[in-house]
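Starting from the given sequences, assemble the full structure and let the hints guide the process.
As a plain string of letters, each chain reads:
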Amino acid sequence: MDKTVKLSLYFYGLFLFSSSVFAIEIITHNDSGLSLNFKNEENIRAIFSMRQRYWSNSEKIKVFVLADNHVVHKAFAKEKLAIFPHQLRRSWNRMTYTGTGQSPKTVNSVIEMIQKVKQTPYSIGYVDTLVSDDDIKVMGAR
Amino acid sequence: MLKLIIGLMLLASSHVYAAELSWQDKLSWQNIQKNWQDDVQFHGFLSQGLISSSGNNVYGHSKNSVSALTEVGLNASYQYSSQISFAIQGLYRRAGSTTGKNGIGVLDYAFMDYRFFNDNQWQVGIRGGRIKNPWGLYNETRDVSFTRPTMFMPLPYYERSRGLVLAMNGGQVYVNQFTSWGDLYFKFNLGVTESDQELLIAVTSNPAISGKLNTSGVNFLTQLRYEILEGQYVFAVSYAQMDFEYKGLSPIYNNLQVPIRPLMLSMQYNGERFSLAAEYNLQWNHFYGALVPEIKNVSEGWYIQGGYKILDNLEATIRYDQTARDKDDPLGKKISALSGGLMPAYYLFTHDTTISLRWDVTPEWMLRAEYHRVHGASNISMIDNPDIGDIAEHWNIYALQVAFRF
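Chains A and B, in that order, are what the protein sequence lines are. Mapped onto my numbering, the consecutive letters of the first sequence carry residue numbers 502 to 643. Mapped onto my numbering, the consecutive letters of the second sequence carry residue numbers 9 to 414.
The set of hints was computed from the structure by calculation and includes no laboratory data. From a predicted model like this one, the values you see are computed outputs, not experimental measurements. For each residue, glycine too, the CB sits at the ideal point set by N, CA and C. Be a bit skeptical, because a hint or two may be false.
Chain B is nowhere near these chain A residues, computed Cβ spacing over 10 Å in every case [unchecked claim]:
#	residue
1	K561
2	A576
3	E580
Computed cross-link-like contacts, DSS-like style, restricted to lysine-lysine with a CA-CA straight-line distance of at most 27 Å [said to hold, decoys possible]:
#	chain 1	residue 1	chain 2	residue 2
4	B	K109	B	K220
5	A	K575	A	K617
6	A	K575	B	K109
7	A	K581	B	K317
8	A	K638	A	K617
9	B	K220	B	K255
10	A	K563	A	K638
11	A	K606	A	K561
12	B	K317	A	K579
Below you can see the structure in the form of structure tokens.
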């Protein structure tokens, strides 16, 4: 076998592997002045459970999520928040149906998620693909 | 090498999504960008249940027939600023004779929330208006079927005299603290509890009584809740002080005082597939008036409940639940003997075993089937079961429910 083809097959395999390792990434709208403390899961959880409602610059955080039964949402909850999707739903339900908070906006697909985060200043969401867009910041590439 | 680079680029491009905006998107986005639309949210829920039973009636004429439970809620919330928000919810219920043939629509909550202090660790604020009561694990959203463990609430939630714990007209102070070892939620509700007809009937043992039990003095309900990992483990203590007095034309009950002091200890585990909940309830009662015999006792109730998600969207729940009017007389024998047998012992306790299967068809739609095997009748509605001579000790409830939320 040609040496270059061998090498390209090797890289192909590496790419597939890495794309499954970096399955879920948190993305935000690329606002200047938007600062986030992503030091640990608790801070991210505070945002997605709708407890922390404002960025440090006092702009309202606009949270986008996929449906509870979406495979990417389930993976996101477990990998990035270290909780189960039904726990998020429990928190949102309690706020939504007691008037003590608001729920995130649900989008229908990862593509819509990317569009919404691109279009919405001060927004946050998550994806399971690589995103390359000037208006979108990919967080916490560890 | 060139082949490799091109190959990688091709691969990469198939995984990279370059977001493009159409002019329609831009146009509709301009609407969405208006602030008030971003800050206002509308939500709601709807459920329809069908109930059949043997022995006693539940939510209407269910005995050897079919009765219906309908719950509809609609709410709006407005986040005016980082410190000020408003929320309102209307609730319609049709639940047997208590709510009448056409059901009853009520204001479920309506309040303004002013948050003094808000950061990553602390939230401190006050709410004024009509506010849901933080009683146990489930009370604040008790009418949203999605948030209940089963179609019927566990017994310590006063389903018969639900007005007692539903909501309070007044104010709430809340303090939430978020730490690396868990989250603490403290709520203190102060105000007026609404009049509850079933409570008046239960206190007077007189289904035909006219008049009302009104709040006398200051009532409060408070809860301290501790949660680990966004509710994976929940522990809570709830306590209330509720004082009522009789207002009506019945001279015997003139000046009847009904102070009630309920306490509830709650714990819950929510795992990926398995969940467990247990609550223990004590209630200190003291009923007295000029012309009625004084009653002083402590009611006791507890349940243990396990849930297992067979599939992500299919959950089975089993619960054993029991309550006694007087904890020193758990099977009602003493009180029954004192009444010379006039008051059957099984009026004074309830033991309920529940099996429930819930299917979340989509995140918005849910179906549920439920069976209850019940011994005792201390918690049945006297309005749905007006013929005291016709109350059964051993009975069954079968129920189906469809629910929607948005």
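Status of each hint after checking the structure:
The beta carbon of K561/A sits about 7 Å from the closest Cβ of chain B, which is not more than 10 Å, so the claim that it is off the interface is violated. With a minimum CB-CB distance of about 13 Å to chain B, A576/A clears the 10 Å threshold, and the non-interface call stands. For E580/A, the non-interface assignment is confirmed: its Cβ lies about 14 Å from the closest Cβ of chain B, beyond the 10 Å cut-off. Annotation: proposed proximity of K109/B to K220/B holds, straight-line Cα distance about 21 Å (limit 27 Å).
In summary, the hint linking K575/A to K617/A is supported, as the alpha carbons are separated by about 20 Å, within the 27 Å threshold. Between the alpha carbons of K575/A and K109/B the distance comes to roughly 43 Å, so the proposed pair goes past 27 Å and is violated. At most 27 Å may separate the alpha-carbon atoms for a hinted pair to count; K581/A and K317/B meet this at roughly 22 Å. Distance restraint check for K638/A and K617/A: the Cα-Cα separation of roughly 13 Å lies within the 27 Å cut-off, and the hinted pair is therefore satisfied.
For the hint pairing K220/B with K255/B, the CA-to-CA distance comes to about 5 Å; that is within 27 Å, so the pair holds. Proximity of K563/A to K638/A is assessed by CA-CA distance (about 15 Å); at most 27 Å being required, the pair is judged to hold. The straight-line distance between the Cα atoms of K606/A and K561/A is roughly 13 Å, inside the 27 Å bound, and the hint therefore holds. Between K317/B and K579/A, the direct Cα distance comes to roughly 17 Å. Compliance with the 27 Å bound is thereby established for this hinted pair.
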